[in-house]
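There are 2 protein chains.
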Amino acid sequence: MTADLKQTPKNKLKRLPERGSYDREKAYAILDEGLICHAGFAMGEDIFVIPMAYARMGDVLVMHGSVASRLAKTLSTGINMSVCVTHLDGLVLARSQFESSMNYRSVVAFGNAVAIIDEDEKNQALKALTEHLVPGRWSDSRQPNRKELGATTVLTMPLQEASIKVRTGPPKDLEKDMDFPSWAGVVPLKVVTGTPIPDPTQDSSVTPPEYVTNYQRPTR
Amino acid sequence: MTADLKQTPKNKLKRLPERGSYDREKAYAILDEGLICHAGFAMGEDIFVIPMAYARMGDVLVMHGSVASRLAKTLSTGINMSVCVTHLDGLVLARSQFESSMNYRSVVAFGNAVAIIDEDEKNQALKALTEHLVPGRWSDSRQPNRKELGATTVLTMPLQEASIKVRTGPPKDLEKDMDFPSWAGVVPLKVVTGTPIPDPTQDSSVTPPEYVTNYQRPTR
Numbered sequence: 012m013t014a015d016l017k018q019t020p021k022n023k024l025k026r027l028p029e030r031g032s033y034d035r036e037k038a039y040a041i042l043d044e045g046l047i048c049h050a051g052f053a054m055g056e057d058i059f060v061i062p063m064a065y066a067r068m069g070d071v072l073v074m075h076g077s078v079a080s081r082l083a084k085t086l087s088t089g090i091n092m093s094v095c096v097t098h099l100d101g102l103v104l105a106r107s108q109f110e111s112s113m114n115y116r117s118v119v120a121f122g123n124a125v126a127i128i129d130e131d132e133k134n135q136a137l138k139a140l141t142e143h144l145v146p147g148r149w150s151d152s153r154q155p156n157r158k159e160l161g162a163t164t165v166l167t168m169p170l171q172e173a174s175i176k177v178r179t180g181p182p183k184d185l186e187k188d189m190d191f192p193s194w195a196g197v198v199p200l201k202v203v204t205g206t207p208i209p210d211p212t213q214d215s216s217v218t219p220p221e222y223v224t225n226y227q228r229p230t231r
Numbered sequence: 012m013t014a015d016l017k018q019t020p021k022n023k024l025k026r027l028p029e030r031g032s033y034d035r036e037k038a039y040a041i042l043d044e045g046l047i048c049h050a051g052f053a054m055g056e057d058i059f060v061i062p063m064a065y066a067r068m069g070d071v072l073v074m075h076g077s078v079a080s081r082l083a084k085t086l087s088t089g090i091n092m093s094v095c096v097t098h099l100d101g102l103v104l105a106r107s108q109f110e111s112s113m114n115y116r117s118v119v120a121f122g123n124a125v126a127i128i129d130e131d132e133k134n135q136a137l138k139a140l141t142e143h144l145v146p147g148r149w150s151d152s153r154q155p156n157r158k159e160l161g162a163t164t165v166l167t168m169p170l171q172e173a174s175i176k177v178r179t180g181p182p183k184d185l186e187k188d189m190d191f192p193s194w195a196g197v198v199p200l201k202v203v204t205g206t207p208i209p210d211p212t213q214d215s216s217v218t219p220p221e222y223v224t225n226y227q228r229p230t231r
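Chains A and B, in that order, give the protein sequences. For the first sequence, position 146 matches number 157 in the numbering used here, and the numbering has no gaps at all. For the second sequence, position 200 matches number 211 in the numbering used here, and the numbering has no gaps at all.
Hints were generated in silico from the structure; no laboratory data involved. Be careful, since some hints might not be right.
Claimed, not checked - Stretch-level coverage of chain B by chain A, calculated; a stretch enters the list once three of its residues show a Cβ under 8 Å from a Cβ in chain A: (1) 34–44; (2) 165–173; (3) 180–191; (4) 201–212.
Claimed, not checked - Non-contacting residues of chain A with respect to chain B, defined by C-beta distances greater than 10 Å in every case (computed): (5) D34; (6) Q108; (7) P169.
Quick caveat, the model's predicted, so the values are computed rather than measured. In this text, a Cβ means the ideal position worked out from N, Cα and C, and glycines have one as well.
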């Protein structure tokens, strides 16, 4: 069991603090279940928020995506980032609009991201990115060569300053609204996979592997 | 048909520009299908990325969430934001890692957000936020009173500067990798609803309305 995440003025939970925590294991469970993150950074006065592939490697987050290329020039000195992973678990329909909400689990992490230069480290990070999205795929695919590694920018950011927000359960209407004549409850939401679509160039005798046909995200 | 989104140095598509566009109607379809956005902003040197509820009202985005409260103090002057909505449509398994990817549709919008002060405008924005998430719910719920409106911060941001990125279809392996002996294809992903969960305080004779039992997102 590792230490809790650091509490700072930046990640202090201000609104509805009862929904928040700094528990590192809970944060890691949320990160490990997610598929993409949204990464934010500034370039001069401009703010960018961009979807990226990511993976957790111990206490470090690695990220890959078009943002990495865009940032390549400024990366040598490290770039101040915020990264958010959100699972939307349900629509919460209270009788009153004011108490209506969403069930979700999110982690917001803050830190300085740098590009991985070392070829072996970059390869390990790409392996982690692949295994995060599709466990079992790395060893069953043609791994990157040196030229491809050179053309790929992978960011790494330590997981030190972060916070969790979670809402679960039914709506919580005020006593005075309990007789309002509308249905109240939760519409659950989840991400599911469909039937795998083979590459049309592929011989139809090639069957999808178990890591595709039994694909599932790690559960809480 | 409205004019295309404005192209600027900020939203110029740099990497894989063939995946990008500035088509306003396409951007609006992506926004209208999404459930939450990720909003990014700076406070001093710090960057924040936070999930928020949103809705499109014509050529304007309205947003609501804990970030709004956090920002309330700085909002009078308008705050520079970037807002991203992403649909993850599939995992793209190429034979080579380098060509492996994800199918997605995303919109990144840039602008200055301000808080809505006028009570009627705020009420209209809250209606739009509700109808975006659960069409049909607004008129079937207890709408906000003046006190609740006063306690709610809703942001509004014009949709002027934005860009779209989309990847669809099968993997695109290099010719030299086509004989690599692994399955290639796409694992489709989508968000689905589960069986509605009634509020346990509710009389079991209250049946869920059609907008809950037949819930679906607008399609492309």
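Do the hints match the structure? See the list:
no.: 1; hint: 34–44; in the structure: violated (count 0)
no.: 2; hint: 165–173; in the structure: violated (count 0)
no.: 3; hint: 180–191; in the structure: holds (count 6)
no.: 4; hint: 201–212; in the structure: holds (count 12)
no.: 5; hint: D34; in the structure: holds (19 Å)
no.: 6; hint: Q108; in the structure: violated (5 Å)
no.: 7; hint: P169; in the structure: holds (16 Å)
Checked against the numbered hints above, the structure breaks hints 1, 2 and 6 and satisfies the rest.
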